[in-house]
Amino acid sequence: MSPSTEASTAARPRPRRRRSALQRKQTRLAWLMLLPALAAVGFVAFYPLGQTIYYSFTDQQFLAGIEPTKWVGLENYKDLIHDTLFRDSVVLTIKFTAITVGFEFVLGMIIALVVNSGFKGRGVMRAMMLVPWAIPTVVAAQMWKWMYNDIYGVVNDAGVRLHLISHNVAWISQPNTALASAAAVDIWKTTPFVALLLLAGLQVIPTELYEAARVDGASAWRQFWRITLPLLRPAILVALIFRTLDALRVFDVFYVFFGNRPDTQTMAIFAQDAIVGTGDVGYGSAACVAIFLIIGVFTVIYVTFMRVEQQ
Amino acid sequence: MSSAAEATTRAPSVARVRVRKPLRKRLMRIPFYLLIAAIFIYTVFPFYWAIRSSITPESDLFTTPLRYFPAHPTLSHFREVLSSGEFQRALINSTIVAGAVTLISLALGSVASYALGRFRFRGRAFAMYLMLSMTIFPQIAILGALFTLINKFGLYNTLPALIFSDLILTLPFTVWVLTSFMAALPKDLEEAAYVDGASPLQVFYKVLLPLIAPGLVTTGLLAFITAWNEYLYALSFTQDPEHHTITVAITTFTSGKGNTFELPWGQIMAATVVVTVPLIVLTLILQRRILAGLTAGAVKG
Amino acid sequence: MKHRRWLVLAVLVGVTALLASLVASVGNARPTATKASNAIAAPPVPNAAKLRKKFKGVKLTFVGDNAVGGSHVRDLALAKRFTKDTGIQVKVLPHPEKSDESYSQLARNFSSKSSAFDVVMMDVVWPGAFAPYLVNLKKPLGKAAKLHAKGIIQNSTIGGRLIAMPWFSDFGILYYRTDLLKKYGYKSPPKTWTQLGTMAKKIQAGERDSNPNFAGYVYQGNSYEGLTCNTLEWVASVGGGHLVDNGKASINNSKAAAILNLQRSWVGTIAPRGVTSYTEEEARIPFTNGNAAFMRNWPYAYSSGVAAGSKIKGKFSVTVLPHGPSSSSVGTIGGWELGVSKFSKHKPAAIELVRYLTSPAVQRFDAITNTNVPTIPAVAKNKAVVRTNPYLKPSIATVARVARPSKFLKGHYNEGSKIIYQGVSQILNGQDAKKVLPSIQSRLNRILR
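Protein chains in written order, with my numbering: chain G, 4 to 314; chain B, 7 to 307; chain S, 3 to 451.
One or more hints might be untrue.
So the derived list for chain B, only partly shown, Cβ under 7 Å to chain S, looks like this [said to hold, decoys possible]:
{"no.": "1", "residue": "I61"}
{"no.": "2", "residue": "F68"}
{"no.": "3", "residue": "L72"}
{"no.": "4", "residue": "H78"}
{"no.": "5", "residue": "N163"}
{"no.": "6", "residue": "T164"}
{"no.": "7", "residue": "Q245"}
{"no.": "8", "residue": "H249"}
{"no.": "9", "residue": "T258"}
{"no.": "10", "residue": "F267"}
Restricting the straight-line Cα-Cα distance to at most 30 Å, the calculated cross-link-like pairs of lysine-lysine (DSS-like) are [said to hold, decoys possible]:
{"no.": "11", "chain 1": "B", "residue 1": "K158", "chain 2": "S", "residue 2": "K93"}
{"no.": "12", "chain 1": "S", "residue 1": "K257", "chain 2": "B", "residue 2": "K158"}
{"no.": "13", "chain 1": "S", "residue 1": "K383", "chain 2": "S", "residue 2": "K347"}
These are calculated hints, taken from the structure and not from any lab test. Small disclaimer: the values here were computed from a predicted structure and weren't measured. For glycine and all other residues, C-beta sits at the position ideal for the given N, C-alpha and C.
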C-alpha cells in the first residue's frame, strides 16, 4: 500500500496541510474507522435527540392521544427563562459540580499516586478503590440515606461517639447540610472513576524520567510538578470533562434523598419532573435542550483549554 | 552521606543514629499516613456497613444503640438471595449485557481512537465533539424516544435493547480516553512499521494496541461497571423478571409480605455484596496484569 | 508474586464454592407471604362454565403487582385458578416497583394505543389521569361495585363512568406504644391533635433520659406523594376541607393553617428534625425498633411490629388518627384498583377477570394470605380476616376514608399533588402556613380550570 512508501519518503512525521493524495487517503481511512463507533451511538441517540428538540417546540403531553399536539414555537423557552425554579436548579447543579469535581480530582489524584507508588498498603488500596463505583447507584443512595438518618444513622452515631458532633444532625433535612451530604455521596461514589483514569495515565509515564530526575537531585514534590502533572494532562482533562458532564446531569442521589423538594432540585430532576411528573413533555424537552446548551458551554471551555495546551 | 560519617564517629549510639534520619522521615510521613487512612475509611466504611447489614438479622438492623457488628450474625439473607431463581437469572442477564457492551465498546472505540489519535484530518475535532454530545443529554430526555425506537424494532423486553442503549453511555468516554492514549504515544511510532511494509490495520493491531493496554483495561473495566450498574434503561425496557438485570432485581426485592413499601434491607445488602465482590476480584486480577505487562518492558525506547 | 495471585484466586473460588454448597444444601428459601396456618386456596370462579363456553382460548395480559414476593405469588395463584376454571389464559406481568415507573409504564402504553395490556393495576390516584383510556365498567360491574366502600367507588367514577374497580385499599392509621402510655399514666390513645402533642412531649422527655434517639411522633414528611396523604388527613380531620372541594381548591382556610402550623412547631421538638425527609420506611423503622411513641403509617407496618424478633411485639396497638376539637377522624385512601384498557382486544373477557379479582371471595383470600385491606366492608368484618388484620376492628375499619383530589385534577394530578406537597414541605421546614397556603390555592386553581 502506498502509505508505507510515501511515509518513508516524507522527511517530517506529518505532511503539511496540503490536500495530497496521501492526505485524502488517510482521511478516508480515518472516517472509515470512525464510522462504526459513530454509527452505533448516532443510530441509537440521534432519533431520540431529534425528537426531544422537536418536542421542545410543541406542547406535547406525557399522556398523549387525548388532545392533538400543537406547535408552540419558542413559548416553552420563554417560560423557561422566567422560571425561577429552573434558574435555582441550574445554580444548585453548578455549585454541586464545582464541589464534587474539585474533591474528586484531588482525592483521585492522591489515590492514583498511592496505588502507583511503592507504598506498602497499595495492594489493599487498589482492591478497595473500585468498591464505591461498583455498587449500583440506587442502592448506594438509599444506603447513604439511612446512614445519614437522624435516629438510627451510623454517621450520627459514629460522629457523636468520636466527639466530632455534639448531637444527632438531620443531615438531609437541614438546608445548610443538604447539599454537602449529597455531594459527599457523589464524591464517594465517583472518585474511583477519576482515580482509575489517572492511574492508567500514570502507568504510561516512563520510569526513566523519574530516575533521571532523582539523579539530578529533584525532590518528590518537584518531580510531581515537573514530570507527573504535565504528562498526565491529557488524562486529567478527559477525567475532568466526563466527571463534569456527569455531575451536571446528577439525578439519583438527589431524588432518593430529597424527592421533589423545591430547594434541592438539580437540572435533571427539574427536567424529569416536567416530563413525567407534570406530564408536560414539551416544556421538559425545552428544559433538556437548555441543559444541553449549558453543559455544552462547559464542554467548549474545557476543550478550548485543552487545545491551547496542546499547542 | 553525612549521617554515615557521623555514625562511624559516634560509636556508642550507632543504633540510634542509624534510625535518626528515617525517624524524621517517618515522622513527616505521619500526616500522609493519616490522610491515606482517612481516605481509606471514607472509601471502604460504607461497604463494610453493607456487609455488616447483610449478615444482621432483619429485626436488628436499625436498633439503637447501633451495633457495628451484629450480635447474632446470620447467613439467611444470602441464602434467600442466592437461592432466588430471579436473582440468578438477573446475574446472568447483567453479565451478558455488561460483557457485550464492554466488548463492543472496546472494539469500536479502539478503532475509532486510532483514527482520532493518530491521523490528522478535517473534521477530526467535529467527530470528537459529536461523540461527546451524546453524553450531554440527561437520560430522561432520550428515554421516551428511545423507547419508541426499541418498540419499532421489536426489541422491547430483550437484552439487545439494553446493550444498544448502554453503548450511548460507554462509547463516548471509551473513545475519548483511548484517543488520548493513542495521541500520547510518540509521533513516529508507526514509521518503522510502515517501512517494513505493514498495513494501517496491522500497525494498529500489532504496534499500537499493546502499547495502550492500560487504557484498554481501564476503559474496559469502567465500561463494564457502567453497564452493570445501569438502572433507568434496564427498568424501562424490560418487563418481566426473565429479562431483569441485577440493578432492577435488587430494587424489586420485597419482604415477602404483600405490600409495596417494606424494603427487605438485609436481602438488598446481601445482594449488593454478592454483586460487588466479583467486580472487585475482576479488578484485582486485571490490575495486576497491566502492571505485570508494563514492567516487562512494554514501554519502548 | 505469581504464585500469590493464583493462591488468592484459588481461595476465592473455594470460598464461593463453599457458600454455594451451603446455600444449595439448605434448600430453597423463597420469600413467601403465607404462614402455613393462614394458607388457603384461591377461590373458584363463579359462572365458570358459562365463561368457558364464551371465551375459551382467549389470552389476556394482566399487569399485576411487584415481581417478587407475596403479591406476585398471589397474582399467579389467582391467574392459575382463573385459567383452570374458565380456560382463559392469563399472563401476569408484574409492574415496576417504584410508583413513578409504574405510572410511566402505563402512560406510555396508553399513549401509544397499545393493545399489549388488557387488565391493569393502578394506584387509586391514577384513574383520574387514565380515565380516557379505560373502559366504563358501570354496566357490567355496577352491581358488584355496590359491595365496595363508597368513598373509593366515588373516587373511581369520573363523569358518570366507573373506570376502575377497587382491589385492595389502604388508609392512614395511628400506631402507638401501649407500654409507654401506661408508663406515663395515660389510659387511652390521644383523640385530638393537641392531646397527641402533650402525650408525645411527656413520653419523649421521659424516654430521652435513657435513650437519646427517642422521638415522640414520626410520619411521612418528605417532599413526595406521602406528604399529600398526611396533609389531607391533618386538614380534613380538623374541618379544613379536603384540599380540593367541588372542583375548587379549598386549602386556604384558617383551620388548615392552624393545623399545619402546629405540625410545623412539632418538627424538631416532638418529631425529629429529619422527619421532613422521611418516607414510609424511615418512619416505620424507628417505631418498630422502639424509638418512637407515635407513628402515622399505612396498615402494612403492622405485620413487622408483630413479627418474630420485633422489639415492640406485644407493646403496641393501632387506632384512628387524631382529629380536631369539633371534627372527626379520617384516613386517606391508598391502595390499588383494577381497570380494563380501552385498546384491549378482549374487553369482555378482561371485564370478567376483573369481576373475579374484585369479588368478595378473592378479597377474603387476599386479606388472609397477604394481610391486605379489603375494600368490601363485609369482608373486612369477617372473623378470619380480622384475626390476621387486627387493625380492621370495627372502631378503625369504619373511619371516614377521604380521597386525594385525583378526580378533580385528572391528568394534572401529579402536578397538583406536587404543588401541595412542595408547599407543605416548605411549611414544615419553617415557613408560616398563612403565607404559603394562598399560593398553593391559586396554583391549584390554575390547573383545575
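Verification of the supplied hints:
{"no.": "1", "hint": "I61", "verdict": "12 Å, violated"}
{"no.": "2", "hint": "F68", "verdict": "5 Å, holds"}
{"no.": "3", "hint": "L72", "verdict": "9 Å, violated"}
{"no.": "4", "hint": "H78", "verdict": "9 Å, violated"}
{"no.": "5", "hint": "N163", "verdict": "10 Å, violated"}
{"no.": "6", "hint": "T164", "verdict": "15 Å, violated"}
{"no.": "7", "hint": "Q245", "verdict": "6 Å, holds"}
{"no.": "8", "hint": "H249", "verdict": "11 Å, violated"}
{"no.": "9", "hint": "T258", "verdict": "4 Å, holds"}
{"no.": "10", "hint": "F267", "verdict": "4 Å, holds"}
{"no.": "11", "hint": "B:K158 with S:K93", "verdict": "23 Å, holds"}
{"no.": "12", "hint": "S:K257 with B:K158", "verdict": "54 Å, violated"}
{"no.": "13", "hint": "S:K383 with S:K347", "verdict": "38 Å, violated"}
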